[in-house]
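Engineer: Sequence:
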Amino acid sequence: MLGGTIDITVHEVCDVDSIKEIHHANGGDWGGTMIDREFLNFLCTITGAY
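Heads up: the sequence shown runs through residues 0 to 49, numbered per numbering that gives the first Met the number 0.
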């Protein structure tokens, strides 16, 4: 599947002028097209549509 990824990075603010990377960018198919598909599945579930 193309597209539909999300990348997450975690930073810690160490002081006024610096940050530290806690966790580097990590992505997977948890956004975009996957969200669209699951939202459509949810709507079908509550409406009984297929």
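Hints in this document: simulated from the structure, not taken from any laboratory. Where hints are given, some of them may not hold.
[To be verified] Listed next, with one range per pair, are the computed distances between beta-carbon atoms:
no.: 1; residue 1: 37; residue 2: 17; range: 21 to 29 angstroms
no.: 2; residue 1: 10; residue 2: 33; range: 36 to 44 angstroms
no.: 3; residue 1: 24; residue 2: 46; range: 32 to 40 angstroms
no.: 4; residue 1: 20; residue 2: 43; range: 38 to 46 angstroms
no.: 5; residue 1: 38; residue 2: 17; range: 18 to 26 angstroms
no.: 6; residue 1: 17; residue 2: 48; range: 51 to 59 angstroms
no.: 7; residue 1: 24; residue 2: 45; range: 44 to 52 angstroms
no.: 8; residue 1: 8; residue 2: 44; range: 47 to 55 angstroms
no.: 9; residue 1: 45; residue 2: 7; range: 56 to 64 angstroms
no.: 10; residue 1: 36; residue 2: 8; range: 23 to 31 angstroms
no.: 11; residue 1: 11; residue 2: 47; range: 19 to 27 angstroms
no.: 12; residue 1: 42; residue 2: 15; range: 43 to 51 angstroms
no.: 13; residue 1: 33; residue 2: 8; range: 42 to 50 angstroms
no.: 14; residue 1: 15; residue 2: 46; range: 46 to 54 angstroms
No residue lacks a Cβ here, since even glycine has one placed at the ideal position from N, Cα and C.
Engineer: If a hint holds in the structure, say so; if it does not, say that too.
Structural biologist: We went through each hint and held it up to the structure:
{"no.": "1", "hint": "37 with 17: 21 to 29 angstroms", "verdict": "violated (39 angstroms)"}
{"no.": "2", "hint": "10 with 33: 36 to 44 angstroms", "verdict": "violated (25 angstroms)"}
{"no.": "3", "hint": "24 with 46: 32 to 40 angstroms", "verdict": "holds (37 angstroms)"}
{"no.": "4", "hint": "20 with 43: 38 to 46 angstroms", "verdict": "holds (41 angstroms)"}
{"no.": "5", "hint": "38 with 17: 18 to 26 angstroms", "verdict": "violated (40 angstroms)"}
{"no.": "6", "hint": "17 with 48: 51 to 59 angstroms", "verdict": "holds (53 angstroms)"}
{"no.": "7", "hint": "24 with 45: 44 to 52 angstroms", "verdict": "violated (35 angstroms)"}
{"no.": "8", "hint": "8 with 44: 47 to 55 angstroms", "verdict": "violated (33 angstroms)"}
{"no.": "9", "hint": "45 with 7: 56 to 64 angstroms", "verdict": "violated (29 angstroms)"}
{"no.": "10", "hint": "36 with 8: 23 to 31 angstroms", "verdict": "holds (25 angstroms)"}
{"no.": "11", "hint": "11 with 47: 19 to 27 angstroms", "verdict": "violated (47 angstroms)"}
{"no.": "12", "hint": "42 with 15: 43 to 51 angstroms", "verdict": "holds (47 angstroms)"}
{"no.": "13", "hint": "33 with 8: 42 to 50 angstroms", "verdict": "violated (19 angstroms)"}
{"no.": "14", "hint": "15 with 46: 46 to 54 angstroms", "verdict": "holds (52 angstroms)"}
In the structure shown, a violation is registered for the earlier hints numbered 1, 2, 5, 7, 8, 9, 11, 13, in ascending order.
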